[in-house]
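Novice: Here are the chains, one letter per residue:
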Amino acid sequence: MVILLLFAGFFLLLALRVPIAFALGIVSLGFLSARGEVLLAVSQRMSAAADSFPLLAIPFYILMGKLVNEAGLTDRIFGLAQCLVGHIRGGLAHVNILNSMIFAGMSGAAVADVGGMGAIEIKAMVDNGYDVDFAAAVTAASSTIAPIIPPSIAMVVYGVLASTSVGALFLGGVIPGVLLGLFMMAYSYIVAVRRNYPLQRRAGLGELWRSFRRSCLGLLTPAILLGGIAFGIFTPTEAAVVAVFYTLLLGVLVYRRLGVADLVRLGRETVEMTAVVVFVMTTASLFAWIMAREQVPQRFAEFMMSLTANPAVVLLLINVLVLVMGCFFDGISILVIVVPILLPIIDRLGIDRVHFGVMFVLNTVIGLITPPVGVVLYATVEVAQISFERVVRATLPFLWPMLAALIMVTYVPWTVLVIPRLLGFR
Amino acid sequence: MSRLLRALDWMLDRATLVVLILLLLVVGAQIFARYVLNHSLFWSEELARYLFIYLVFLGAAIALRREGHIQVSFFVERLPPGARRAVAVAGDVLLLAFAGTVLVQSVRLAAMVWTVPTAALLIPWTFVYLGILSGMAAMTLGALAALWRHLTGRTGEERAW
Chain A
5 MVILLLFAGF FLLLALRVPI AFALGIVSLG FLSARGEVLL AVSQRMSAAA
55 DSFPLLAIPF YILMGKLVNE AGLTDRIFGL AQCLVGHIRG GLAHVNILNS
105 MIFAGMSGAA VADVGGMGAI EIKAMVDNGY DVDFAAAVTA ASSTIAPIIP
155 PSIAMVVYGV LASTSVGALF LGGVIPGVLL GLFMMAYSYI VAVRRNYPLQ
205 RRAGLGELWR SFRRSCLGLL TPAILLGGIA FGIFTPTEAA VVAVFYTLLL
255 GVLVYRRLGV ADLVRLGRET VEMTAVVVFV MTTASLFAWI MAREQVPQRF
305 AEFMMSLTAN PAVVLLLINV LVLVMGCFFD GISILVIVVP ILLPIIDRLG
355 IDRVHFGVMF VLNTVIGLIT PPVGVVLYAT VEVAQISFER VVRATLPFLW
405 PMLAALIMVT YVPWTVLVIP RLLGFR
Chain B
222 MSRLLRALDW MLDRATLVVL ILLLLVVGAQ IFARYVLNHS LFWSEELARY
272 LFIYLVFLGA AIALRREGHI QVSFFVERLP PGARRAVAVA GDVLLLAFAG
322 TVLVQSVRLA AMVWTVPTAA LLIPWTFVYL GILSGMAAMT LGALAALWRH
372 LTGRTGEERA W
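If you read the protein sequences in the order shown, they are chains A and B. So the first sequence is residues 5 to 430, counted in this note's numbering. So the second sequence is residues 222 to 382, counted in this note's numbering.
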């Protein structure tokens, strides 16, 4: 009963535009004071929630994503993608998606992708006779691959919440991320054939080699990251720092695109974005602590088990719940509120926490392109210069390939687990 | 008041940038020591974690000043201006109460652990809790400023950057 009141208070505060992080903190503090508890533990718990070496990866991945976008790599990798898939019907749509997949290997968040690459991608498509709506839709949809293909800020957050190996989660995201891209390409192909979109001349081997050479220094970033983590050379946090130093080297010394003023600006943006993500974890830890003491996760697990003990059905219900939440909240907020409550039932049903995490994050990225609250949609409106309604209408059909990928990842755990297991993560 | 706020913004900005650079250097040194010098640093991980706490709470104060925290504006935007202002004031008061309460608890906590050393660096735990303490102090000031702004109806105060 008291817990219902807690949730009601939380949603009321949200409706009144109290930031989510503070709303979680205020209701938790209110609950504890109403119980007449000693509040000293509040500061201690909030501090402890940020005191984690894996979490340190977050500022570094954010900074790396920002550096990569401005280091002078974007045209080079776009050129490579063009040589690889430009000759398929609807060429530039595939180029756009492949480009996002490559950048997903250097960026941990979706909005970075739209902001950095979106403008180039949309302009190239419009110049070649694509509707601006479709160009915006492909850009928006494909940017959601960034949090699935490693690195991923959302997976770092999940890993810390669920005490699960971030390295295993990263590697688990590889196949789902590629699937997501391929499904989007398949959908774009169908649209392209129907609307008779152009394709580009197939690039010769010499041309392919040249574009590869031009971009190979940039491609080393994801190689360092993924290789370093996969073979246990670096922890995800250390890999992030190495990648930051490498990208700095490229941007400042090799391509000479980044000056001190740029670095200071990107540093500021990194500080703010990091703090927003991790601060909500600190106040959510208070909320989760209260939930645990009131045995909400256990009682919820028992309730679900009384309905059904079939993992397939439970996963379906969880997916529907997260999809609905995704229409209104951002992925990180959903993670910090929902994951601590769901873990007992996941464990009891014998579902692997790595599988569950990748599935969960894949589900939340769908929320990036569902109205009314879809961060990527708003970012795309700015880049494409068309109305919100038009972006939404054009982007919504991409839900089909995304849902297809989600269903596959939910019901074929192999897609997530094969790579981490092969490489000996547990 | 506005001078104080400008000084606050300036300090938060510089402090967090310095912490970010230190973080990169400390973790960089850890990797360098382990792979190049074949010698694991005993202090680097702990120092990095504690610096990160400062980054998070001071950065959260910056985000509060710039209204960068994630919030749902969907319902409030559909209210008439008068009600919107009342809602904003109520929100500020709650925020102020939260930040103020956590600030007081952080001060008590920090004072209490002065004699307790950390595991690797052997510095008093007080220095760790100064992270949340300073962040909450800045957020208390930030919430006061927002409350003042919404009460007097003055918007667009100038910022340090």
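Worth flagging that the hints you see were computed from the coordinates, not collected in a lab. Be aware that one or more of the hints could be misleading.
Stated by the list, open to error - Simulated DEER-style distance windows between Cβ atoms:
id, chain 1, residue 1, chain 2, residue 2, range
1, B, Ala332, A, Ala38, 23 to 29 Å
2, A, Arg397, B, Phe295, 49 to 55 Å
3, A, Val6, B, Gly374, 35 to 41 Å
4, B, Trp231, A, Arg297, 38 to 44 Å
Where a beta carbon is used, it is the ideal one built from N, C-alpha and C, also for glycine.
Novice: Hints first: check each against the structure and report whether it holds.
Specialist: Hints, verified against the model:
1. Checked against the given bound of 23 to 29 Å, the beta carbons of Ala332/B and Ala38/A, roughly 26 Å apart, stay inside it.
2. In this structure the hint that Arg397/A and Phe295/B lie 49 to 55 Å apart at CB is violated, the actual value being about 19 Å.
3. A hinted range of 35 to 41 Å holds for the C-beta pair Val6/A and Gly374/B, which are about 38 Å apart.
4. A beta carbon spacing of about 41 Å between Trp231/B and Arg297/A agrees with the range 38 to 44 Å that was offered as a hint.
Hint compliance for this structure: hint 2 alone is broken.
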